[in-house]
Amino acid sequence: MWAEAKSLFFAKDFPPYASPAWRELHPDDPRRLAGALDAAESWRKYGTDVTAWLHDAFAARPPIWQQRTRAELDKAAEPKPSHQLRATPGWPPIAVPGKPGRWLTYQHEQNLEAA
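1 is the number of the first residue of the sequence shown in my numbering; add one for each residue after it.
Please note that the accuracy of each hint is not assured.
[What the hints assert, rightly or not] The calculated lysine to aspartate or glutamate pairs, modelled on EDC-like cross-linking and capped at a C-alpha distance of 20 Å, are:
| # | residue 1 | residue 2 |
| --- | --- | --- |
| 1 | 12 | 41 |
| 2 | 12 | 28 |
| 3 | 12 | 24 |
Think of the hints as simulated: they come from the structure by calculation, not from any bench.
In this text the structure is predicted, and so the values were computed from the model without any measurement.
Input sequences plus hints: build the corresponding full structure.
Here you go:
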């Protein structure tokens, strides 16, 4: 039975797995085994991709009315106003933007406040 099912598998002479024609076959029919082999081989080759796609397609998502609106997303994407850099005690020095080699340190800021 195995050899005959294998030859049918390579000849593609069997109904697709779980189709009505496949279900009508007798359990000992080699074409039934060939259909199961084809399904197993497809699962081996493409199973994880299909599984991931199905998992993503049927994943629970929040209703669209609970999500942020376009206006809220646009507001969040607007550039923020610039601010004065201030060094923090215990943190490493801050590179001053646009001035290569210049660093802002906490000690330096203490000296500025004292002056």
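Hints versus structure:
1. A hinted pair counts as satisfied when its Cα atoms are at most 20 Å apart, and residue 12 with residue 41 qualifies at roughly 13 Å.
2. Between residue 12 and residue 28 the alpha-carbon distance is near 18 Å, which keeps this suggested pair within the 20 Å criterion.
3. Distance hint between residue 12 and residue 24 is fulfilled; the C-alpha atoms sit about 18 Å from each other, no more than 20 Å.
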